[in-house]
Every structure is written in C-alpha cells, then in structure tokens.
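A.B. asks: If you want the building blocks of each chain, they are given just below.
Protein chains: 2
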Amino acid sequence: MAKQQTAISPTRSEDYPEWYQQVIKAADLAEASPVRGCMVIKPWGYALWENIQRVLDGMFKATGHENAYFPLFIPKSFLEKEAEHVEGFAKECAVVTHHRLEAGPEGGLVPAAPLEEPLVVRPTSETIIGAMYARWVQSWRDLPILINQWANVVRWEMRTRMFLRTTEFLWQEGHTCHATAEEAMEETRRMLDVYADFAENYMAMPVIKGEKTAGERFPGAVTTLSIEALMQDRKALQAGTSHFLGQNFAKAQEIKFQDQEGKEAFAWTTSWGVSTRLVGGLLMTHSDDDGLVLPPRLAPVHVVILPIYRNDDEKRVVLEFAERVKREVAAQQYDDRPVQVKIDDRDLRGGEKAWQHIKRGVPIRLEIGPRDVQGDAVFVGRRDRAPKEKAGVGRSEFVATVSQTLAEMQQGLFDRALAFRKEHTRTIDDLNEFKAFFTPKNAEEPEIHGGIALCHFHDGPELKAALDELKVTVRCIPTDAPEEPGKCIVTGQPSTKRAAFAKAY
Amino acid sequence: MAKQQTAISPTRSEDYPEWYQQVIKAADLAEASPVRGCMVIKPWGYALWENIQRVLDGMFKATGHENAYFPLFIPKSFLEKEAEHVEGFAKECAVVTHHRLEAGPEGGLVPAAPLEEPLVVRPTSETIIGAMYARWVQSWRDLPILINQWANVVRWEMRTRMFLRTTEFLWQEGHTCHATAEEAMEETRRMLDVYADFAENYMAMPVIKGEKTAGERFPGAVTTLSIEALMQDRKALQAGTSHFLGQNFAKAQEIKFQDQEGKEAFAWTTSWGVSTRLVGGLLMTHSDDDGLVLPPRLAPVHVVILPIYRNDDEKRVVLEFAERVKREVAAQQYDDRPVQVKIDDRDLRGGEKAWQHIKRGVPIRLEIGPRDVQGDAVFVGRRDRAPKEKAGVGRSEFVATVSQTLAEMQQGLFDRALAFRKEHTRTIDDLNEFKAFFTPKNAEEPEIHGGIALCHFHDGPELKAALDELKVTVRCIPTDAPEEPGKCIVTGQPSTKRAAFAKAY
Numbered sequence: 020m021a022k023q024q025t026a027i028s029p030t031r032s033e034d035y036p037e038w039y040q041q042v043i044k045a046a047d048l049a050e051a052s053p054v055r056g057c058m059v060i061k062p063w064g065y066a067l068w069e070n071i072q073r074v075l076d077g078m079f080k081a082t083g084h085e086n087a088y089f090p091l092f093i094p095k096s097f098l099e100k101e102a103e104h105v106e107g108f109a110k111e112c113a114v115v116t117h118h119r120l121e122a123g124p125e126g127g128l129v130p131a132a133p134l135e136e137p138l139v140v141r142p143t144s145e146t147i148i149g150a151m152y153a154r155w156v157q158s159w160r161d162l163p164i165l166i167n168q169w170a171n172v173v174r175w176e177m178r179t180r181m182f183l184r185t186t187e188f189l190w191q192e193g194h195t196c197h198a199t200a201e202e203a204m205e206e207t208r209r210m211l212d213v214y215a216d217f218a219e220n221y222m223a224m225p226v227i228k229g230e231k232t233a234g235e236r237f238p239g240a241v242t243t244l245s246i247e248a249l250m251q252d253r254k255a256l257q258a259g260t261s262h263f264l265g266q267n268f269a270k271a272q273e274i275k276f277q278d279q280e281g282k283e284a285f286a287w288t289t290s291w292g293v294s295t296r297l298v299g300g301l302l303m304t305h306s307d308d309d310g311l312v313l314p315p316r317l318a319p320v321h322v323v324i325l326p327i328y329r330n331d332d333e334k335r336v337v338l339e340f341a342e343r344v345k346r347e348v349a350a351q352q353y354d355d356r357p358v359q360v361k362i363d364d365r366d367l368r369g370g371e372k373a374w375q376h377i378k379r380g381v382p383i384r385l386e387i388g389p390r391d392v393q394g395d396a397v398f399v400g401r402r403d404r405a406p407k408e409k410a411g412v413g414r415s416e417f418v419a420t421v422s423q424t425l426a427e428m429q430q431g432l433f434d435r436a437l438a439f440r441k442e443h444t445r446t447i448d449d450l451n452e453f454k455a456f457f458t459p460k461n462a463e464e465p466e467i468h469g470g471i472a473l474c475h476f477h478d479g480p481e482l483k484a485a486l487d488e489l490k491v492t493v494r495c496i497p498t499d500a501p502e503e504p505g506k507c508i509v510t511g512q513p514s515t516k517r518a519a520f521a522k523a524y
Numbered sequence: 020m021a022k023q024q025t026a027i028s029p030t031r032s033e034d035y036p037e038w039y040q041q042v043i044k045a046a047d048l049a050e051a052s053p054v055r056g057c058m059v060i061k062p063w064g065y066a067l068w069e070n071i072q073r074v075l076d077g078m079f080k081a082t083g084h085e086n087a088y089f090p091l092f093i094p095k096s097f098l099e100k101e102a103e104h105v106e107g108f109a110k111e112c113a114v115v116t117h118h119r120l121e122a123g124p125e126g127g128l129v130p131a132a133p134l135e136e137p138l139v140v141r142p143t144s145e146t147i148i149g150a151m152y153a154r155w156v157q158s159w160r161d162l163p164i165l166i167n168q169w170a171n172v173v174r175w176e177m178r179t180r181m182f183l184r185t186t187e188f189l190w191q192e193g194h195t196c197h198a199t200a201e202e203a204m205e206e207t208r209r210m211l212d213v214y215a216d217f218a219e220n221y222m223a224m225p226v227i228k229g230e231k232t233a234g235e236r237f238p239g240a241v242t243t244l245s246i247e248a249l250m251q252d253r254k255a256l257q258a259g260t261s262h263f264l265g266q267n268f269a270k271a272q273e274i275k276f277q278d279q280e281g282k283e284a285f286a287w288t289t290s291w292g293v294s295t296r297l298v299g300g301l302l303m304t305h306s307d308d309d310g311l312v313l314p315p316r317l318a319p320v321h322v323v324i325l326p327i328y329r330n331d332d333e334k335r336v337v338l339e340f341a342e343r344v345k346r347e348v349a350a351q352q353y354d355d356r357p358v359q360v361k362i363d364d365r366d367l368r369g370g371e372k373a374w375q376h377i378k379r380g381v382p383i384r385l386e387i388g389p390r391d392v393q394g395d396a397v398f399v400g401r402r403d404r405a406p407k408e409k410a411g412v413g414r415s416e417f418v419a420t421v422s423q424t425l426a427e428m429q430q431g432l433f434d435r436a437l438a439f440r441k442e443h444t445r446t447i448d449d450l451n452e453f454k455a456f457f458t459p460k461n462a463e464e465p466e467i468h469g470g471i472a473l474c475h476f477h478d479g480p481e482l483k484a485a486l487d488e489l490k491v492t493v494r495c496i497p498t499d500a501p502e503e504p505g506k507c508i509v510t511g512q513p514s515t516k517r518a519a520f521a522k523a524y
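Heads up: the protein sequence lines correspond to chains A and B, in order. Residue numbers for the first sequence follow my numbering, so the first one is 20 and each next one is one higher. Residue numbers for the second sequence follow my numbering, so the first one is 20 and each next one is one higher.
Since the hints were derived computationally from the structure, they do not count as laboratory data. Possibly wrong hints are sitting among the right ones.
Copies of the same chain look alike in the list, so a pair counts if it works inside one copy or between any two.
[As the list claims (entries may be wrong)] Calculated pairs, PhoX-like style, for lysine-lysine (alpha carbon to alpha carbon, straight line, at most 25 Å):
| hint | residue 1 | residue 2 |
| --- | --- | --- |
| 1 | K80 | K361 |
| 2 | K44 | K275 |
| 3 | K80 | K372 |
| 4 | K361 | K275 |
| 5 | K372 | K407 |
| 6 | K454 | K361 |
| 7 | K407 | K228 |
| 8 | K80 | K44 |
| 9 | K409 | K516 |
| 10 | K80 | K345 |
| 11 | K372 | K454 |
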C-alpha cells in the first residue's frame, strides 16, 4: 500500500521530536526567537494560552485566591537565604549586574553603572514573595494569605525545546501562607486537584496525581505533589506541581505570627504552578500526523466556515448564507460561552485554506458552496475524523447539535488518551521485564517505546544508578496507589507502595 | 471652624505628594518592595488593573488586534540598530551579563558564566518585535500585522513613584506593520482614539488628545500622539501614547515586502502603549481626602454589604436578609456584567469596616442591621457623597435602581473632573500672565497651582529654556486646536496653533 499523504512531515513514527517541532510550525503556535532559548508565542498559540489562563484563573478565584504582582528581580541575598533553594537554582540564573549602557572605548555600547548587589531575574518567586509576607503577617488573623501571580520567569536551561523547556516562560505561581501544617498541606492537595481537574476536563489529558520522591522535590520543599501525563511517544510529562514548603521558607525569611494563644510561631507556606509547558502537553496528547488537535473547551475557534464560490453571484449568495449560519451558531452556548465561530473569507484556494485549519486544530470545519445553500445544508468536517471524512448536514440540524457535537469531541479526546495510557501502563515485578519495557525494540522507532511501569521501589543511590542507566525516572508515587507489600524492582528491598516509572521530558 | 477629620492625612492641600502615597497605602493598592524602584501590586490594586486589562483587551480585539508574546530579553546589538532609539533608552537599561551564580572566593555567590553578548531587559519591544516582523513579512499579502502584547518592562529610573514611574511596570504594547504611510498613520490615530475612549468612558478621566512636539517624541518615532489628563494638583499626566514610526524601524531592521506592483518596499510601523501608570492617573483624578474613589465601570466591587448585629439571633436574621439582597443585586446588570456585590462579614468593628471600604473606593456601601430587616430596607452610603451622608432606601427600590445609580455615579465623576479641568484651563497670550499662572501664589500650597495654558508656540531652544525655568512643558498640540494665526508666548515668533502647556508628571 502506498504511504498515506499527511500534512505533517515527518510523521510521529518517523521522527517524533521533529514531528513535534513541525506541528508547532504548521499550527503557527510559536517560533524560535533570536534570543537564545526564548520563543515567540504567536497569536494562535497565545490565544490557546489565554483560554488556559481564563479557565485556571476562574478556578483559582473560586478556591479563594486573589491575584497580585511581585517584582521581576530578586536580590541575590534573598535567593541565598534558603540553602536548598539557591542550590537548586544558582546554575540557571540570569543575572542583572548593570543598569546602564554607555559608549565603550572601542565603539558600541557596553554595560555601565554596576549594581551594588546583583539582581537575579526570577526563576520562581518564593523568596521575594516570602519577604513581603513576612511584613504582612503579624497575627493569626492575617492568615491565610492566598495569592496567585501570572508572570514570566527565566531559567537558563542548556537544552531548550519550544513550550516544554524554554529560557523564559509564562506561568502562574500560587504562594500561600497558613497558621498550621494541616491547613497548608490541605491547600497543597487542593491545588493539585485543581490542576488535575483542569488537565482532565479542559485539556482532555488524563493525569496521574502523586507525590515526588525526595530527589525529585522542588528545591526547599518538604513535599512536592505533581500531575503526570503520558505523551504519544510514551514519555511522561510533569504538567503541574504543588509544593508543601513546611516552615523552610518561613524560617529563612522570618514569616512569624502570634497564634491564638499569643505565642509566636513560624507560618507554613505552599507554592504551586503550571506554565506554558501545558501547551506542549496538550499538543503531544492529542495531535496527529495532520497537525494540532484542540480539545473544544480550549479551542480559540470552535467552528470555521469556509465559503466556496466561483463568481460574484455565487459569492453573494454563499456569503449571505454563511453569515446566517455564523449568527445561528454563535447564538448557541458551549461550556457557558457562545460557540466561537469565524468565517474565513480570505482569497486562498479552498484546499489550502481547509488544510490550514486542520493543521491548527480547529474542531469543526463547515464548507459552504452554492449547492449547500440550495439544499439549506452545510458540509461538515471534524478534526477528530479523517480530513476527507466529511458529511452534509441540514443547516438547522447542525446548529441544533453543534454544542453537543463539541462536547462529544471533548469526551472522545479524553477517552482516546485514557485508552492510550492504559494500553501503555504495565504493572511490573521483574527487573528484566522492566528493562525490556524501557528498551526500544525497533531501531527505526528509537523515540517511541515504553510507557508507565507501576513497580515497587525503595529510594536510594542503587535505584537511582540503575534508573539513570535506563534513562528512566520515578515520576511519582500515585495518590491512589494501594498499600501493598512488595520488593523494590531494582534492589529487592522492602516496599509498601508502587510508584509510576517512566522516561520523561 | 475646627478642621474636619479625614481618613487620609495629610490632605491634598496639606501635602499633595504625600497624600498620594497615603491613599495608595490606605486603599491597599500597592507597596514598595525591597527591590529598588519596584513595587508590589497588592490584590486590590491588581484587581483594578485586571479590569483595565479586560476592557482594553476587548477594545484592541474589536479593532482587529491579536495578542502574542515576545522575549523579555533584547540583545544589545538589536537595541543599537536604531540610533535615536538606543540613545533614548541606553541610560536606563537593566543589563543581564551572566547566566549563573557560583560560590565566590570570599563565600556567597557571585555572577558566573558571562554572556557573549549582554542582554537588555526590554524597556520597550520595537527592536525584538521588529526582528520577527522582518521574518514574517514578505509580500503585501502579509500586511497589515496587528499585534498587541501584555508584558512587564524595565526602565531604570532614578526617581520613582508608585504607579507613576517605577523601575518595572506592567503595560501593553501594540506593534503594527503596514504597507502604506497612510494606513500606519490611520492606525496611530485609531489607537489614540481607543485610549481616549477608555480614559473618558471607563476611567471617567477627561483627556486632551494631541501631538507631541519634536523634543517630546518617542525615541525613533516620526510622530507621537498622546492623551493628557489634568490631575487634582493641576499637573498634567501623559496617560497613553501612540507612535507613527514611519520607516525608521523598518529600515533599521529590514522589514521589507513586495508591493502589489512587485517592487520591494520598506514597511511602515506603529507602536502604542498604556501602563499601570493609569492606576496613578485614576487615583489622582477622583480620589479625595478620605481615600480612593473608583469609577464604577472599573471597580472590582460595586456594592459592599456590611451586616450589623449584636447577638446570634440578630446575626441570623441580618445575614439571611443580606444574602437575599446580595442575590438580588447580583442579578442586576451593569455595563454588560452582573453587578459585583460582596458581603463583608469579618469580625471587625462596624465603623472600622465601613472606613476600609471608603478608603478603598467601593462605590456603594449598604449597612444592614435588624431595624433595616424589619423595615425591608437598606442604609445606603455612596462614595461620591460625604461618608456620613447616608440614607435609608427600600430594598426593592435599591435593587431596581442600583445599575442606574452606578451609571449616574460614573457620569458624575466624569462631569466633576471635566469641570475641574475647565476651571483650570486658561487661554493665555501674555508672557507675564503665563509666568504668573505657573508660579505658586501661596507658599503653603507649593504643590497645587497652575493648570493647562493654551498658548501659541514656536518650538526651539529659546522656548525650551524659558519653559525649563518655569518647569513647564508643552504637553501636546491638541488635535482639535483650530488653525489660528498668533505669536509664540515666549519668543513672539509666528505660530498657527495653540499648544497645551502644563507642569507634568
């Protein structure tokens, strides 16, 4: 059989990492910039991020959080206050050392006016926000503080990849401060639940909720919880984290308060964040060899109308009908908002235009030509079906069912992704089977193999060495993992729970 | 008569600059941070900024713009490409020179891993965005490009003041690219109109639209348009600017395209921005000696309900009634959204609580006690009236008229601000009168004098020297200034239009 033509080349099975880059390009989501490791998020990618922001922001506010904004710069001495924290971030700090450019001796401008203390461009904001909380908290009455910030952060990564790991990225970081450990831990779990809810119900991306092992914790955290998702190359993606920071940062920064008995106590803090990395996760969960596939709840456009005509007479009739369909579709509600519908009337070949929207992941395409107008019908293509599998549907039927169709597509994407994860999740108790699971069987598909292995484990250097060799990591100890006696898959030492192992981004 | 007690001390007439700081503090809008010149925008201030963003973003999208995101860092060589531009910003650039911190010889961490080329933290993004546009534009078919970015920027200012001039600030910057000068100039004007519409109809802040003189232009611009507002100390605030950049940046960055005749041409670009400075402008336009006054269309909360009770029985009855009022008020629409209403049930003295909301500028306060419940009424305080001028109103009447009341308050604030500006705008043709107008008459009120002087002018060094001495600037040549022959107020040289002169922020 001849190889099927696809819009994206290479395909996933041919070269998965390159396929990823090509989907970003074909969908016009983002582009590398001239600044090392920084990307430009283009309008279609940014519109997707705006939808992510809008939904998450609503969830944060519904759980009692307010937004605020803290400085981009962190004085070096602040970062140094929490030892593990600075250890974790020192290697990837962009450092501002001067506040002026002046003409240099050899022409051109050179940095001038050195700062007394260097400033780090925030890689995360625990230390600067903690310094403010220390001022704001005096009494138990001032607690809890529940604040979130939408911001850009910078981590000087050596190897970057668009959306997944960039030098600068956009994110939100929640920072909360509580009177008791229990309350702070409850907040840590609550926000992980918010992330899981968002990932599964909006991104249609099934996730495993769990706790990180000691070596994988956020620098300075007592407990790090994360959501982990399986991508189509069967690697895991850490999609969001929620940290219980104990009193580590409160002690480093003197966030103290008088408790109800009048005694002085250190506060308990948390932090939690998701970033533009989610766009990469969404892409790798659903997209196919024809480009991006968008879950309808986050799609900037739900329905694109493509008018087709050969002359001015046809144009008039077709556009009039298209406008009517647009009005009727826009009057439908999906997910508590009007269905987002656009007419694409650009002067482009019909095929080229349709393929642009396929590559960009628009859920529903409506082709409307003179014959459709005559038949009071529209010709419907769905992004979750093959590009040529299109069907004529009566106008009023389409309008009446469009919201339901979008809801079905959303559920369909989730079901497919969940089935994929189940297919590639294995409970393993034998080390050889474990090794085989994470070793490519086929030299032509070196990038796609493995999945999630649920195995007993005993954290320590021996386990780490064996995993490093296989390039596998413990993703998390799933929250829903039952207590069950067992032996570590590598060391044979006793274990009480299975962890989720995977290769990862 | 005894001095009237006010919530803010000092009052405007006692010490205007200090009054400004105290209103920010009393309204809990923002706070100085430990990072030089950077502020923390606190939840109430950020909620106001979110409303500003939401409305402006809708206006930008309604005029065909899309959002995108470009890198925080600008390579030094990019900034150097446009000579006037770099000249304008070199003195205030935060410069990143290293990408790591390492243990230093004397303990502590020191900057390590120097960058090959220093990176400037964006003071504005013409150069980095222009570099991308140069890639994206090949043909006239690729034009126009209409993009906006919401971002943080950094300008290392020597003297800072919260919201008005901070080292880091939040803003939006529109950057557009066109095939013709006419189209670019039209865009420049359109966005100034959007800003003026927003300022007057949402902020209730009357503005003068006009063109900057040569010396006041954005570095690299051919024409800079601005909106200027008069603050209560009779100084002008430049509240938004829109720049026609001609082909300056296109030539510096090689933004070229094939026109419809197949000839190669440089594109024409514009940029336009408003920032968190608007919050300072809003504050200084409406606030009084009791604190912030918010125009209802931008207020995060329209109505706050303050339940008053002395025991648990009263509490139950009062809260039940308060919840009912809340539901009914929230069911009303104001400005295409539900009226934003909150119950403040914190355990605080009633007076203290009410004053907090007065100082924060909440438009309407409802006190509800047992007697109000009995009378099916609410006790209404309006922020545009004296704190003690409260009145009982029947519940259903209040609910039925709340939207209209908010609309009236919005209009009232605008009318008052416009009357204030008219009162302090003078057409002046005599140099002595001009000097007297800008000289404090009363040594006890050195901060409050002057206003806007509409005078003929002839730009040049002689005019500038005279104005510098008076600390007065030409704010703009108003768009609606009629052509009229005259003589420059300072030099006597011929002039055809009056400009607006004022002391300024």
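A.B. asks: So, for every hint listed, does it hold in this structure?
C.D. replies: Status of each hint after checking the structure:
no.: 1; hint: K80 / K361; in the structure: between (30 Å within a copy, 14 Å between copies)
no.: 2; hint: K44 / K275; in the structure: between (50 Å within a copy, 22 Å between copies)
no.: 3; hint: K80 / K372; in the structure: between (39 Å within a copy, 23 Å between copies)
no.: 4; hint: K361 / K275; in the structure: neither (54 Å within a copy, 30 Å between copies)
no.: 5; hint: K372 / K407; in the structure: within (14 Å within a copy, 65 Å between copies)
no.: 6; hint: K454 / K361; in the structure: neither (50 Å within a copy, 59 Å between copies)
no.: 7; hint: K407 / K228; in the structure: neither (38 Å within a copy, 54 Å between copies)
no.: 8; hint: K80 / K44; in the structure: between (34 Å within a copy, 24 Å between copies)
no.: 9; hint: K409 / K516; in the structure: neither (49 Å within a copy, 65 Å between copies)
no.: 10; hint: K80 / K345; in the structure: between (33 Å within a copy, 19 Å between copies)
no.: 11; hint: K372 / K454; in the structure: neither (47 Å within a copy, 65 Å between copies)
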